[in-house]
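Asks: As they're listed, the protein sequences go chains Z and U. My numbering puts the first residue of the first sequence at 2, with every later residue one more than the last. My numbering puts the first residue of the second sequence at 121, with every later residue one more than the last.
Keep in mind that a hint or two might mislead.
As the list claims (entries may be wrong) - Listed below are the simulated DSS-like cross-link pairs for lysine-lysine, each with C-alpha atoms no more than 30 Å apart in a straight line: (1) U:K122 x Z:K660; (2) Z:K210 x Z:K171; (3) U:K264 x Z:K434; (4) Z:K120 x U:K122; (5) Z:K11 x Z:K58; (6) Z:K434 x Z:K4; (7) Z:K11 x U:K264; (8) U:K122 x Z:K248; (9) Z:K4 x U:K122.
Hints in this document: simulated from the structure, not taken from any laboratory. Model, not experiment: these values are computed from the prediction.
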Amino acid sequence: MGKMIGEPIKRVEDQRFITGTGEYTDDIVLPRMTHAYILRSHLAHAKIKSVDTTAAKSADGVVAVFTGEDVAHINGIPTGWQVNFTDGEVMREPKHPLLVKDKVLHVGDGVAIVIAESKEQARDAGDLIEVDYEELPVVVDASKALEAGAPMVHDELSDNRAFDWQLGDKAATDAGMAQANHVTKMKIRNQRMIANAIEPRSYIGDYSKARDQYTLYTSSQNPHVIRLLMCAFVLGIPEHKTRVVSKDVGGGFGSKIFHYAEEALVTWASQQIARPVKWTAERSEAFVTDAHGRDHNTTAEMGFDKDGNITALRVHTDANLGAYLSTFAPAIPTYLYGTLLQGQYVTPAIHVTVNGVFTHTTPVDAYRGAGRPEATYLLERLIDTAAAEMGMDPAELRMKNFIPAFDGVDQPGYQTQVALQYDSGDYEATMRKALDVLGYNDLRKEQEEARKQGRHIGIGFSSYIEACGIAPSAVVGSLGARAGLYESANVRVQPTGKVSVHTGSHSHGQGHDTTFAQVAADHLGIALEDIEIIHGDTEQVPFGMGTYGSRSLAVGGSAIVKALDKVKEKGAKVAAHLLEASEQDLEYVDGKWAVKGTDKSISFGEVALASYVPHNFPEGLEPGIEFNSFYDPANFTYPFGTYIAVVEVDVETGTTEIKRFVAVDDVGNVVNPMIVDGQVHGGLAQGIGQALLEGAVYDESGQLTTGTYLDYAMPRADDLPSFEVDRNVTPCPHNPLGVKGCGEAGAIGSTPAIVNAVVDALRPLGIKDLEMPLTPQKVWAAIHNANA
Amino acid sequence: MKVSMTVNEVAVSHDVEPRTLLVQFLRENLGLTGTHVGCDTSSCGACTLIVNGEAVKSCSLLAAQCEGAEVTTIEGLAASDGTLHRIQEGFREKHGLQCGYCTPGMIMSSVQLLQRNPNPSDQEIRHALEGNFCRCTGYDNIVKAVQWAASQS
Numbered sequence: 002m003g004k005m006i007g008e009p010i011k012r013v014e015d016q017r018f019i020t021g022t023g024e025y026t027d028d029i030v031l032p033r034m035t036h037a038y039i040l041r042s043h044l045a046h047a048k049i050k051s052v053d054t055t056a057a058k059s060a061d062g063v064v065a066v067f068t069g070e071d072v073a074h075i076n077g078i079p080t081g082w083q084v085n086f087t088d089g090e091v092m093r094e095p096k097h098p099l100l101v102k103d104k105v106l107h108v109g110d111g112v113a114i115v116i117a118e119s120k121e122q123a124r125d126a127g128d129l130i131e132v133d134y135e136e137l138p139v140v141v142d143a144s145k146a147l148e149a150g151a152p153m154v155h156d157e158l159s160d161n162r163a164f165d166w167q168l169g170d171k172a173a174t175d176a177g178m179a180q181a182n183h184v185t186k187m188k189i190r191n192q193r194m195i196a197n198a199i200e201p202r203s204y205i206g207d208y209s210k211a212r213d214q215y216t217l218y219t220s221s222q223n224p225h226v227i228r229l230l231m232c233a234f235v236l237g238i239p240e241h242k243t244r245v246v247s248k249d250v251g252g253g254f255g256s257k258i259f260h261y262a263e264e265a266l267v268t269w270a271s272q273q274i275a276r277p278v279k280w281t282a283e284r285s286e287a288f289v290t291d292a293h294g295r296d297h298n299t300t301a302e303m304g305f306d307k308d309g310n311i312t313a314l315r316v317h318t319d320a321n322l323g324a325y326l327s328t329f330a331p332a333i334p335t336y337l338y339g340t341l342l343q344g345q346y347v348t349p350a351i352h353v354t355v356n357g358v359f360t361h362t363t364p365v366d367a368y369r370g371a372g373r374p375e376a377t378y379l380l381e382r383l384i385d386t387a388a389a390e391m392g393m394d395p396a397e398l399r400m401k402n403f404i405p406a407f408d409g410v411d412q413p414g415y416q417t418q419v420a421l422q423y424d425s426g427d428y429e430a431t432m433r434k435a436l437d438v439l440g441y442n443d444l445r446k447e448q449e450e451a452r453k454q455g456r457h458i459g460i461g462f463s464s465y466i467e468a469c470g471i472a473p474s475a476v477v478g479s480l481g482a483r484a485g486l487y488e489s490a491n492v493r494v495q496p497t498g499k500v501s502v503h504t505g506s507h508s509h510g511q512g513h514d515t516t517f518a519q520v521a522a523d524h525l526g527i528a529l530e531d532i533e534i535i536h537g538d539t540e541q542v543p544f545g546m547g548t549y550g551s552r553s554l555a556v557g558g559s560a561i562v563k564a565l566d567k568v569k570e571k572g573a574k575v576a577a578h579l580l581e582a583s584e585q586d587l588e589y590v591d592g593k594w595a596v597k598g599t600d601k602s603i604s605f606g607e608v609a610l611a612s613y614v615p616h617n618f619p620e621g622l623e624p625g626i627e628f629n630s631f632y633d634p635a636n637f638t639y640p641f642g643t644y645i646a647v648v649e650v651d652v653e654t655g656t657t658e659i660k661r662f663v664a665v666d667d668v669g670n671v672v673n674p675m676i677v678d679g680q681v682h683g684g685l686a687q688g689i690g691q692a693l694l695e696g697a698v699y700d701e702s703g704q705l706t707t708g709t710y711l712d713y714a715m716p717r718a719d720d721l722p723s724f725e726v727d728r729n730v731t732p733c734p735h736n737p738l739g740v741k742g743c744g745e746a747g748a749i750g751s752t753p754a755i756v757n758a759v760v761d762a763l764r765p766l767g768i769k770d771l772e773m774p775l776t777p778q779k780v781w782a783a784i785h786n787a788n789a
Numbered sequence: 121m122k123v124s125m126t127v128n129e130v131a132v133s134h135d136v137e138p139r140t141l142l143v144q145f146l147r148e149n150l151g152l153t154g155t156h157v158g159c160d161t162s163s164c165g166a167c168t169l170i171v172n173g174e175a176v177k178s179c180s181l182l183a184a185q186c187e188g189a190e191v192t193t194i195e196g197l198a199a200s201d202g203t204l205h206r207i208q209e210g211f212r213e214k215h216g217l218q219c220g221y222c223t224p225g226m227i228m229s230s231v232q233l234l235q236r237n238p239n240p241s242d243q244e245i246r247h248a249l250e251g252n253f254c255r256c257t258g259y260d261n262i263v264k265a266v267q268w269a270a271s272q273s
């Protein structure tokens, strides 16, 4: 058995996906299953004067119709993180009802659910429901929602804030700014994004009257958390009699972390009608009901001394939270944002203030990167702009300010000004590698030559850091998390020596079936084929906190390693007994326990069999080999890297062509380099999408004007280049695999690299800043105005 | 109304509502759930399959329009002994998929591409797959998967 960790093993899950035999939630058909349609508000803010369901109830095939009135007694959707006001006032958490009874607060708010024999019948009947609305004034922008006299989202509150928040040292930051020779100040809009996993959300509630048990099939990134939230906080049904199953899930990118009203609705409705109820979002429905991401209005200032050393950073952000607090919403613009403002730099003083603001829009929560892209974007735009203003090279200005290398073992972790302690890092090394891969000096010359020919080439940098491996429970608990963020694993050795690994992590594209099997095969020295990874079912997996925040391998993988260690520990006892040797004299090599210095050995399979047929077994030892473990990380992990984009802007059309994209990441140790590269590619595509193409736009009346794929421009194959990815390895010092996480890196680092490149291309025309997305129209207009 | 066609070399016939889309007919009447639905505007390409030799988005056709047609879905692409089509192999070989949801449509579009252009360039592949969204891979490995498949002919 060769070494498995570090090998680009082809994915074992691919067989079902390439043959069309994956099992996504909408593929599931249960006996007597009904279909639900949800009637949604087409208005952003309106009082419901009446709802008439008479005609719908008597329509063909209709089984039941429920309105906000019918579910008014049920609790709302809870929030998993509490961020109190800086003056001590408790975070404001207005009820997020399953269906609205009195007042709709965003386009897409659910008003009624129709359940029928077929999807078409449910939808047809939905059209027969008469809702009488009284329209009310609307506010969609976070900063405008804070102005005096702005329309209120929740009437019972004194203003539209859910919380305000600050981090860092204000006095030191004021002093650092006062000492600065140069201050770069920018207004930065990080636009609203929509995750748009290609599989729309889909749920089936299935209540068994015979056993008084509930099953929810859900396209979720974390089935155990959904079970806990739905059972304990929303429906008040017993957790031990509720099973939540998330089989194959078609992408998530954050949007499938959260507990959604429709999950609780189909589960509750199934109990009401004693039949299974399926609901699958249509895409246009997904656009207005999947939690959105980003949406920050920010003012940021960075001070520098005369040599270009950063003296201070001051940031204020109005973060749009939408109409209700989604599951992790309060954490994203605070503890996953402000805490990353150190970046890779030795900035001696940082102060950040944030308003979390309600508006008449779809709730905003984590989207790939979640807070960390927003932090990285403003830092990297500031430093690039500062370099231009001070006449310095952007790579040199970064390197001048980088935190010196530290491995977290011989050198301590790096204590930031914003609460975190980085685990290990060598920031200059990834920058230097990226410069080498790019051939930076030659490119600057080419850029000069091109400018003489009237061609506008730009080179843009981004040096990012992120906090992943989320997260040490005690730390996040002290910061307002209402959950622990450990992970669990169960390793069950079968009598034949085959191994079932149950993990609380959830794969929706990340390839855990392969990566986790590599970890187990490597540790046990057995064949990959002899290992099965099982996830996404609360009845099979002991517990789970799910997959998000690039945490699966760092936290879930570590839990698996802990359970594997217990397996080997017990196996050694059995082997020692059968080999009539002492445990100290054994070594475990290539799937065998061998007596050191002899040819006596016993295989893993033989020990497994002996453990289930314990005719000759150590006295006092229980038969069987199966272990659970829970792993609570000691710290976050801190992947980092430097990305460089090379673009050419056609000044006649405003079109940006990405000529090259170099990404050098350091994500710690790598289990499967093929999969890690793939994760980086996908992240890059989403980050580039934000820079150039994507953006959710609300009009003043609260209508989402980008509510279809015809209006919301996601990257297509010919919008993107081939990526040049490379990596360094600085192992994580505090988890057994030395891994840091790679799921979000690309989305965090790529956005500012692209914008910096476009601005670099256009700077000779007098353009200093552009607001994302950099569509041809926007770029053309900026060029036109600059020339005017 | 009654609709009959040949799907993956099997003759099938069902009574359906006239408004039934081809993709619904396959998923709901035939239980062929390998063809996926990702949007409601014929934009995403997840439902792409082959009808009478042409790659089409099966959300943009009524089942009734396919009366008598020869349809190949992802379930019918591999040989009857299970030997994968070279494009299926290419997607696995080059890690051209992650969550797998867009994959059937992406593979079916690629089948059409290689039929029309056996040795496409990077740009030709990107252009030909423009009608298919993938949110996971960033497309780079999909392009490599198609190139790998092309090299196997």
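Asks: Can you name, in rising order, the numbers of the hints this structure does not satisfy?
Replies: 1, 2, 5, 8 and 9
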